[in-house]
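Order-wise, the sequence lines are chains L and X. The opening position of the first sequence corresponds to residue 1 in my numbering, with each subsequent residue numbered one higher. The opening position of the second sequence corresponds to residue 1 in my numbering, with each subsequent residue numbered one higher.
One or more of the hints may lead you astray.
Heads up, incomplete: computed chain X residues facing chain L, CB under 10 Å, no partners named [as the list claims (entries may be wrong)]:
no.	residue
1	Asp-32
2	Glu-281
3	Ser-293
Calculated from the structure, these hints are not laboratory results. These numbers come from a predicted model, not from an experiment. Glycine residues also receive a C-beta, built at the ideal position from the N, C-alpha and C atoms.
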Amino acid sequence: MADMSKVFEYAPAPESRDIARLKPSYQIFVNGEFRDGGSEPVKTINPADETPLAEVAEAGPADVDDAIRAARRAYEGVWSTLSGASRGKYLYRIARAVQERARELAVLESLDNGKPIRESRDVDIPLAAAHFFYYAGWADKLEHAGFGPAPRPLGVAGQIIPWNFPLLMAAWKIAPALACGNTVVLKPAETTPLTALVLAEIIAEADLPPGVVNVVTGGPSVGQAIVSHDGVDKIAFTGSTEVGKSIQRALAARDTKLTLELGGKAANIVFDDAPVDQAVEGIVNGIFFNQGQVCCAGSRLLVQESVADEVTDSLKRRLTTLRVGDPLDKNTDVGAINSAAQLARVRELAESGTEEGAVRWSPPCELPGRGYWFAPTVFTDVSQAHRIAREEIFGPVLSVLTFRTPDEAVLKANNTAYGLSAGVWTEKGSRILAMAARLRAGVVWANTFNKFDPAAPFGGYKESGFGREGGRHGLEAYLDV
Amino acid sequence: MLTERLAPDLVADVTRDDASLRRYLHGLPGVDQVGAEARAQVLATRSIKTTAKAWAIDTSIAMVDLTTLEGSDTPGKVRSLCAKAVRPDGRAADGGAPQVAAVCVYPDLVATAVSELRGSTVRVASVATAFPSGRSSLATKLHDVSDAVAAGAGEVDMVIDRGAFLAGRYRQVFDEIVATKAECGAAHLKVILETGELATLDNVRRASWLALLAGGDFIKTSTGKVSPAATPPVALVMLEAVRDFAAATGQRRGVKLAGGIRAAKEAVRYLVMVNEVAGEEWLTPALFRFGASSLLNDLLLQRHKLATGAYDGPDYVTVD
Chain L
1 MADMSKVFEY APAPESRDIA RLKPSYQIFV NGEFRDGGSE PVKTINPADE
51 TPLAEVAEAG PADVDDAIRA ARRAYEGVWS TLSGASRGKY LYRIARAVQE
101 RARELAVLES LDNGKPIRES RDVDIPLAAA HFFYYAGWAD KLEHAGFGPA
151 PRPLGVAGQI IPWNFPLLMA AWKIAPALAC GNTVVLKPAE TTPLTALVLA
201 EIIAEADLPP GVVNVVTGGP SVGQAIVSHD GVDKIAFTGS TEVGKSIQRA
251 LAARDTKLTL ELGGKAANIV FDDAPVDQAV EGIVNGIFFN QGQVCCAGSR
301 LLVQESVADE VTDSLKRRLT TLRVGDPLDK NTDVGAINSA AQLARVRELA
351 ESGTEEGAVR WSPPCELPGR GYWFAPTVFT DVSQAHRIAR EEIFGPVLSV
401 LTFRTPDEAV LKANNTAYGL SAGVWTEKGS RILAMAARLR AGVVWANTFN
451 KFDPAAPFGG YKESGFGREG GRHGLEAYLD V
Chain X
1 MLTERLAPDL VADVTRDDAS LRRYLHGLPG VDQVGAEARA QVLATRSIKT
51 TAKAWAIDTS IAMVDLTTLE GSDTPGKVRS LCAKAVRPDG RAADGGAPQV
101 AAVCVYPDLV ATAVSELRGS TVRVASVATA FPSGRSSLAT KLHDVSDAVA
151 AGAGEVDMVI DRGAFLAGRY RQVFDEIVAT KAECGAAHLK VILETGELAT
201 LDNVRRASWL ALLAGGDFIK TSTGKVSPAA TPPVALVMLE AVRDFAAATG
251 QRRGVKLAGG IRAAKEAVRY LVMVNEVAGE EWLTPALFRF GASSLLNDLL
301 LQRHKLATGA YDGPDYVTVD
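Isolated chain L, as found in the complex (with noise of 0.2 Å):
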């Protein structure tokens, strides 16, 4: 948006919509070909403008049953038997052709998901292909890894992964699966189906075996689907704890495999030693990367009394330079909300931030007419019993704590549900380890946040799920160990 008594006014810089290459309908791919699913089709929405990007098909339960079918011929028939070098062979591929369609990727993303152009240039995509790249090179070292001199896979993954991160999720998901020796059936999320559906073209001009990968798209039936289906050996979720305990309750007298990636309520802990003009960066880095959808967004920003007005002046100061807007501008940080749901749930626990009796702050920015917006937000004056300061949000909300030593920094970071993740912020390296060892959080970041590697594994404590993701880790969750 232009603003004229701005000395230094950034001309518009969006990315061309036309790089997308976007069709008028996707269908699912199950056992190596594009089809038409049994349920109605749906309209696939852009959420910066709320109008219908593509009509994707709606896999209906044949479909899914078929789809469980062709991953069990491929694992029986192929897949399980092949070499490690030539499994990794493949992931190379995928590997390879996602960074060679990256701009078609990242556009794509941008439109369907709403997360900025540099977002989903910079971070989303290259990371999904580091992931491929990554577990290509374990495909033929699984002897090596740790887990027994011949570890077997499961045989057939049902995945079902969310919208704020659509492909990188698949990435995560289906590069260890394969890995592994494991086939898949994906399940992308219902608002953002159309990047998993173009890496399924990719998987399918690598050559893999037809039936190795299988993608289902629809809503909420498809992933019970999946889930109730007795052809499968394994479930990887990713998503609201809400889902995942149903998943859980679901597979309780199964011997069916289960990791979950759930929620999340991470502390971004702030000393008063700490580089503050880095520490700030970190903490709108924690909360506004992604509209703050993100399970291990730094939600709850826990700052030592002694610098927190220091630092909260500095962050809002900091918020002020944010820039709302297109999605497609490459220089927008802050895009839109996914869904109307998402930013439905996210204006009802910012009001009750209100209520409750924490202190609003928001800089001023002018939100787009059309489409899901919401401001990045500031809560002050927050107390642990305040539902912004319980409750996972998942949106550009942060919520703003004290506290006055390192006991009470701990105490309170832990004091949560969750246990994805947290951020220590200091310049002793003595107190960053002290205090990793004591945040219950599946991933403690020093002196950064919300950095991801393929190499690390990820993963929560408690209501934030088990099992990890990433690194030689990954591997055991698609390993009979």
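Model the placement of chain X on the given structure of chain L, informed by the hints.
Structure of chain X alone, referenced to chain L:
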């Protein structure tokens, strides 16, 4: 601490001796190098196009201190540089490129530059204080300054004693800046930190504050004789320093980046950094400068490309 207002008596207190200065400078928040580099990198991804680019290129030209600092400098060389400073693209100001901010020379050539630039708004800057090493007695350094000022320099670019800084003799560095400032009289003082020799970003932050507390009107990265010179993370830390100093004292001081900036694209990226780190108030030649020589020609080539859609060859800008 930074947000507390820094009253004059507090400045006197923290600069009383080496120990007080050390406590103050080492009490500033640390700089995490990885984080600073990452921030600089993200800022460099801003995409500046069309009208924004045209504005940034003209603004950059107006911020250039056109510099020649060679042993082989002659009055002839300085005269040709001055002509270019006034009319960078050889055209009249109307529709042509704007004038640069200043011409920067050694003290013995100040008089030549002053007479050449008489009647124009381009300022004359002179390096001084035993530039570039600063390895001389204070008396000699001050004599260097008074020579330049007497010859008509409106701006003086001094170097700090990096040896004293690295040895922890902060009070000595402080005193030399104060003495130089006094010698400058009405001339503006730019304090060269030579960040390539200070090595760490923590040191860059401390040296920046030291220079600002001592009364420097500008803090400047480098002499151009040491590599690395101006880098994005160093510029970031220095811009944070003037921003925080303004918040603490109400006084806006300038930043000059010098050495190694040759491409218009880099200059535009630095303006983005100024805009988003220090703030738009700093987007003026009064508070931000580029010390450069070859940068100007690339700015002119890009300016022409933007206006006409075609690149000029290198023979269409003057070589000085």
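Problem - Proposed interface contact between Ser-293 (chain X) and chain L, which counts if any beta carbon pair is under 10 Å - result: violated (25 Å)
Exercise for the section: Please verify that hint: Glu-281 (chain X), Cβ, nearest Cβ of chain L, below 10 Å or not. Expected result: holds (8 Å)
Exercise for the section: May I ask you to test the interface hint for Asp-32 (chain X) with respect to chain L, counting a Cβ-Cβ separation under 10 Å as satisfied? Expected result: holds (4 Å)
Violation of the numbered hints given earlier is confined to hint 3; every other hint is satisfied by the structure.
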